[in-house]
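> Position chain B against the provided structure of chain A, taking the given hints into account.
Number of protein chains: 2
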Amino acid sequence: MPKLSIILLGAGTIGASWSTLFLSHNAKVTVFDPSKQALSKVKPYIKNSWLGLKKLDPSLNNIPWQQLKLSQDLTTICDAPDWVQENAPDRLKLKQNLLQEAENYLPTDVPIASSTTALMATDIQTGMAFPERFLVAHPFNPPHLIPLVEVVAGKKTAPELTERAKNFYQLFGKEVVIPKREAIGHIANRLNAALYREVVNMVATGIASVEDIDRAMVHSLGLRWAFLGPNLVYHLGGGEGGYAQYLDHLGSSQEVRWNDLGEVSLASDIKQKLIDGLEETLEGRSIEMLRKERDDALIKLLNLKNAVRQE
Amino acid sequence: MPKLSIILLGAGTIGASWSTLFLSHNAKVTVFDPSKQALSKVKPYIKNSWLGLKKLDPSLNNIPWQQLKLSQDLTTICDAPDWVQENAPDRLKLKQNLLQEAENYLPTDVPIASSTTALMATDIQTGMAFPERFLVAHPFNPPHLIPLVEVVAGKKTAPELTERAKNFYQLFGKEVVIPKREAIGHIANRLNAALYREVVNMVATGIASVEDIDRAMVHSLGLRWAFLGPNLVYHLGGGEGGYAQYLDHLGSSQEVRWNDLGEVSLASDIKQKLIDGLEETLEGRSIEMLRKERDDALIKLLNLKNAVRQE
Numbered sequence: 001m002p003k004l005s006i007i008l009l010g011a012g013t014i015g016a017s018w019s020t021l022f023l024s025h026n027a028k029v030t031v032f033d034p035s036k037q038a039l040s041k042v043k044p045y046i047k048n049s050w051l052g053l054k055k056l057d058p059s060l061n062n063i064p065w066q067q068l069k070l071s072q073d074l075t076t077i078c079d080a081p082d083w084v085q086e087n088a089p090d091r092l093k094l095k096q097n098l099l100q101e102a103e104n105y106l107p108t109d110v111p112i113a114s115s116t117t118a119l120m121a122t123d124i125q126t127g128m129a130f131p132e133r134f135l136v137a138h139p140f141n142p143p144h145l146i147p148l149v150e151v152v153a154g155k156k157t158a159p160e161l162t163e164r165a166k167n168f169y170q171l172f173g174k175e176v177v178i179p180k181r182e183a184i185g186h187i188a189n190r191l192n193a194a195l196y197r198e199v200v201n202m203v204a205t206g207i208a209s210v211e212d213i214d215r216a217m218v219h220s221l222g223l224r225w226a227f228l229g230p231n232l233v234y235h236l237g238g239g240e241g242g243y244a245q246y247l248d249h250l251g252s253s254q255e256v257r258w259n260d261l262g263e264v265s266l267a268s269d270i271k272q273k274l275i276d277g278l279e280e281t282l283e284g285r286s287i288e289m290l291r292k293e294r295d296d297a298l299i300k301l302l303n304l305k306n307a308v309r310q311e
Numbered sequence: 001m002p003k004l005s006i007i008l009l010g011a012g013t014i015g016a017s018w019s020t021l022f023l024s025h026n027a028k029v030t031v032f033d034p035s036k037q038a039l040s041k042v043k044p045y046i047k048n049s050w051l052g053l054k055k056l057d058p059s060l061n062n063i064p065w066q067q068l069k070l071s072q073d074l075t076t077i078c079d080a081p082d083w084v085q086e087n088a089p090d091r092l093k094l095k096q097n098l099l100q101e102a103e104n105y106l107p108t109d110v111p112i113a114s115s116t117t118a119l120m121a122t123d124i125q126t127g128m129a130f131p132e133r134f135l136v137a138h139p140f141n142p143p144h145l146i147p148l149v150e151v152v153a154g155k156k157t158a159p160e161l162t163e164r165a166k167n168f169y170q171l172f173g174k175e176v177v178i179p180k181r182e183a184i185g186h187i188a189n190r191l192n193a194a195l196y197r198e199v200v201n202m203v204a205t206g207i208a209s210v211e212d213i214d215r216a217m218v219h220s221l222g223l224r225w226a227f228l229g230p231n232l233v234y235h236l237g238g239g240e241g242g243y244a245q246y247l248d249h250l251g252s253s254q255e256v257r258w259n260d261l262g263e264v265s266l267a268s269d270i271k272q273k274l275i276d277g278l279e280e281t282l283e284g285r286s287i288e289m290l291r292k293e294r295d296d297a298l299i300k301l302l303n304l305k306n307a308v309r310q311e
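Going down the list, the sequences are from chains A and B. Each step along the first sequence adds one to the number in the numbering used here, with nothing skipped, and position 175 is 175. Each step along the second sequence adds one to the number in the numbering used here, with nothing skipped, and position 16 is 16.
Next comes chain A alone, as it looks inside the complex (with noise of 0.2 Å):
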């Protein structure tokens, strides 16, 4: 295929590995951020997470340097790219104000998806040019290891784009998930947002603590949710009949559980708690070591679902 060219709004942590996904793919990256600061972290962090991707495949090439470029002027890169990609901070006016200024200079046809975790595509677009060439399309972090994508089309958006988004983060082997309507939270962070309202209440509430919760999470639901589903793991779970039989003979134990748990806000003296706790857990171990050890660990548990996969 012609080599794609994609703009990146936004240099931090989320377009550095968006910038290393795309390089791997042999796409024509630039990359725009009024910080010189914030542009010169990309290099760095690309060729850091280079080496992870070449352990998911060791064909890779070195990376494509002259394919990249940084850039602190919206007025000049704007040269017909095929896609852009924004991660600016996660503050509507600030997202709303960079796309209205970036659409001066951008051909009205090119997508613009936004990487946003907490806005709302219908909310982003409101006051664009061309708000039908929009979305969402929500990454995890790192987006150049975690395949998920969701996306999320606005009230404005052009209804053939949620498919062309679909085929085009595919093209970079990415797993897209579209939600049938906007929600705060997109589907994952929704489930995120709710287990973790129940972190945050057996904390509060004094019912187990924050190490004994992650290793609880680590030692069992996630070993399952690795590789299959909370409904199908419930139709495992309901014997030869499976998710009817679930639902009928277990739906209300379920129900009893819910009228259970809390709703608890981060009042100040609960986050103290919180972080009181995951301090208990670190064990001396600092930001920089356990980023590694995900990261490796992302790795190593990506290679193995390949090859599940291709048996």
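Hints in this document: simulated from the structure, not taken from any laboratory. There could be a bad hint or two in this list.
For lysine-lysine, the following DSBU-like pairs were computed, each having C-alpha atoms within a straight-line distance of at most 30 Å [claimed, not checked]:
id, chain 1, residue 1, chain 2, residue 2
1, A, LYS55, A, LYS292
2, A, LYS55, B, LYS271
3, A, LYS174, B, LYS166
4, B, LYS166, B, LYS43
5, B, LYS271, A, LYS180
Just chain B now, kept in the frame of chain A:
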């Protein structure tokens, strides 16, 4: 160590899986069940699951069948066991009756642990002759593979029994967590229920399909949670400031999501949506095939985690 002798009350899937685990660590195992049919399934289960354990530990011996005894008669099996693990159906009255009956034949100081998912230790031990010997030790299915055991004392449990139980399960390679107090669902199934409530909500209110929810899980959150618990994940989501920075900068976005989560019930039309949605994702895969896929994947993941730990 001297050969431990363990009685299992109940020969369902959990009992058969515990049997596999205990035999693989060279214990003597006696399985009681009033149903001849239930007992007849134990040996085939062990035979089959032993193949999986062999993949985790190639040096594992052949199945010591002579150390396994199956019995429909409580009165004759209770001679000096070291431990009793109860895995009867998860109904309070049934468990209470079974334990009160078993106590007639057991030495008074033998610990009895219940595998209950949904019941509380304090409720089950009501009416026991020696309630201080009783606690909950909740495994995850299948216990011969999933490492977690949640150990929970009831109000009448002897204070030292919790630690003794922890040591006991650790002998068999289990990862033990001890909730600080009794709560419906212990720790992991509270997390599970909280997340599942939002699964059901998203299907019920048309935010996402069953298939996309399951795909979102296995391609994002599940990959991280296999290695890092939810607190550690957010610690890494906070940048250089860690968990404190995450909570300060993004805690409020969690609260926004919490306020948008649904509170649903498992009404029959919603159950049907879940069942129909799952059917579409199965693409003809039988429960048998899925179970084998799950166990094969679990074994590979556990091997991977063991290897990571030894690096």
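> Now look at each hint and say whether the structure bears it out.
Against the structure, the hints:
1. LYS55/A / LYS292/A: holds, 14 Å
2. LYS55/A / LYS271/B: Roughly 43 Å separates the two Cα atoms, so the pair is violated.
3. LYS174/A / LYS166/B: Violated - the C-alpha atoms of LYS166/B and LYS174/A are around 42 Å apart, more than 30 Å.
4. LYS166/B / LYS43/B: holds, 28 Å
5. LYS271/B / LYS180/A: holds, 19 Å
Checked against the numbered hints above, the structure breaks hints 2, 3 and satisfies the rest.
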